[in-house]
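Using the sequences plus the hints, can you model the full thing?
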Amino acid sequence: MECVFGLVGKGFALVVADTSAVHSILVHKSNEDKVMILDSHKLMGASGEPGDRVQFTEYIQKNVALYQFRNGIPLTTAAAANFTRGELATALRKNPYSVNILLAGYDKETGPSLYYIDYIASLHKVDKAAFGYGSYFSLAMMDRHYHRDMTVEEAIELVDKCIIEIRTRLVVAPPNFVIKIVDEKGAREYAWRESIKDAPLSAV
Amino acid sequence: MSIFEYNGSALVAMVGKNCFAIASDRRLGVQLQTIATDFQRIYKIHDKLFIGLSGLATDAQTLYQRLVFRHKLYQLREERDMKPETFASLVSAILYEKRFGPYFCQPVIAGLGEGDKPFICTMDSIGAKELAKDFVVAGTASESLYGACEAMFKPDMEPEELFETISQALLSSVDRDCLSGWGGHVYVVTPTEVTERILKGRMD
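First to last, the sequence lines map onto chains A and B. The numbering used here puts the last residue of the first sequence at 204; the count rises by one with no breaks. The numbering used here puts the last residue of the second sequence at 204; the count rises by one with no breaks.
Treat each hint with caution, since some may be false.
[Said to hold, decoys possible] Under 10 Å between C-beta atoms, here's a sample of chain B residues computed to sit facing chain A:
1) Asn7
2) Gln33
3) Thr34
4) Ile35
5) Ala36
6) Leu56
7) Ala57
8) Thr58
9) Asp59
10) Ala60
11) Gln61
12) Gln65
13) Ile94
14) Lys98
15) Gly101
In short, the hints are calculated from the structure, not lab data. Keep in mind it's a predicted model, so treat the numbers as computed, not measured. Note that CB positions come from ideal geometry on N, CA and C, so glycine has one too.
Pasting the structure below:
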């Protein structure tokens with residue numbers, strides 16, 4: 001029931017993910033961050049098996065950092081996406097990762113971009129994409145309302161429409177979502193959309 | 001569902017008078033869901049050699065990367081481009097290497113050989129070559145494509161007529177297949193030029 005979706009706007013890209021950590025019928029926590037900030041200008045939203053998700057995204061994050069240390073310049077989004085696909089493809093016939101990835105980034109020369117990377121390492125550059133059961137609703141909403149070069153406000157309105165649709169129509173809909181944005185200024189958290197707040201830890 | 005039908009594809013290549021045409025659909029799907037409508041299935045190896053890869057998208061991408069690598073090495077060593085017949089043997093060998101854990105792809109190779117004589121061939125996922133003098137097909141819509149091509153093909157067509165024929169054959173076949181479609185991508189190659197056209201068909 002994990003929902004991850006993303007879209008490209010005018011000079012920015014957004015990745016939205018639900019924040020439930022679920023084990024069978026039990027919700028461990030409702031504020032699990034599934035959108036990793038790879039480097040200053042890249043976001044990686046991931047969905048799939050929790051162990052693989054954390055392990056694989058951290059592995060990619062550290063390798064992206066290593067490249068920057070070794071070469072003095074950061075990877076482009078396309079390069080990072082192809083690297084990620086390569087890692088998934090190599091592991092596919094040995095020890096496959098069950099992680100679906102949406103990689104969003106901003107490059108000075110080419111602007112914002114979003115890459116769809118399947119768990120079986122199919123790579124495609126897209127304007128909008130979604131994974132999980134929520135994709136049936138969010139993709140349809142985006143097909144209807146998305147257009148090229150949306151402003152941040154329009155895009156957030158669309159994201160909210162998608163979240164409302166998921167909450168209304170998906171049977172075990174995740175209550176909370178995190179929205180992260182990447183643009184010229186960098187990759188950062190934009191907002192949370194919470195309908196259930198985890199109880200704060202009380203001092204013992 | 002068969003692994004070959006996971007992403008959906010349609011490919012066809014036809015021989016004309018001193019020219020050939022190769023065409024594909026543009027859908028990238030994950031079983032019933034459409035992810036993208038601009039997926040590239042036909043790749044240029046060199047100016048007179050094209051390969052289309054149908055079947056599982058991840059394996060098509062991996063296989064394409066390996067083939068480009070091998071061809072670039074060949075170009076460095078031999079200081080010339082590979083002949084289509086040679087390339088077809090290379091693809092066949094690479095596929096058979098994975099005989100007991102194959103790439104789930106069916107390639108369609110089309111090129112202009114010695115004396116600009118058109119060459120087309122297809123092979124199955126383990127490299128069994130199928131040479132033909134008229135047309136070859138691959139993908140989820142292959143059965144419809146066989147019928148359409150057999151009905152519409154005539155030998156020694158000029159490039160314009162060949163383009164019309166291959167386009168009509170492709171569009172009418174993918175309209176009967178739910179897993180392929182969303183337009184067409186046609187390359188018509190003569191000894192002097194390569195024409196690339198996008199077709200708009202039923203977008204569903």
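Against the structure, the hints:
1. Asn7: Since the shortest Cβ distance to chain A is 7 Å, the answer is holds.
2. Gln33: At about 7 Å, which falls below the 10 Å cut-off, the nearest Cβ of chain A leaves the hint on glutamine 33 of chain B intact, so it holds.
3. Thr34: holds (9 Å)
4. Ile35: holds (6 Å)
5. Ala36: OK, holds: alanine 36 of chain B within 10 Å of chain A, min 5 Å.
6. Leu56: Hint holds; leucine 56 of chain B Cβ to chain A Cβ min 7 Å, cut 10 Å.
7. Ala57: It holds, given that the least Cβ distance between alanine 57 of chain B and chain A is near 4 Å, below 10 Å.
8. Thr58: holds (4 Å)
9. Asp59: Result: holds, 9 Å to nearest chain A Cβ.
10. Ala60: Nearest chain A Cβ about 9 Å off; hint holds.
11. Gln61: Holds. Min distance 6 Å.
12. Gln65: holds (9 Å)
13. Ile94: violated (15 Å)
14. Lys98: Holds - the Cβ of lysine 98 of chain B comes within 10 Å of chain A, reaching about 9 Å at its closest.
15. Gly101: Interface hint status for glycine 101 of chain B: holds (6 Å vs cutoff 10 Å).
When each numbered hint is compared with the structure, a violation occurs for hint 13 only.
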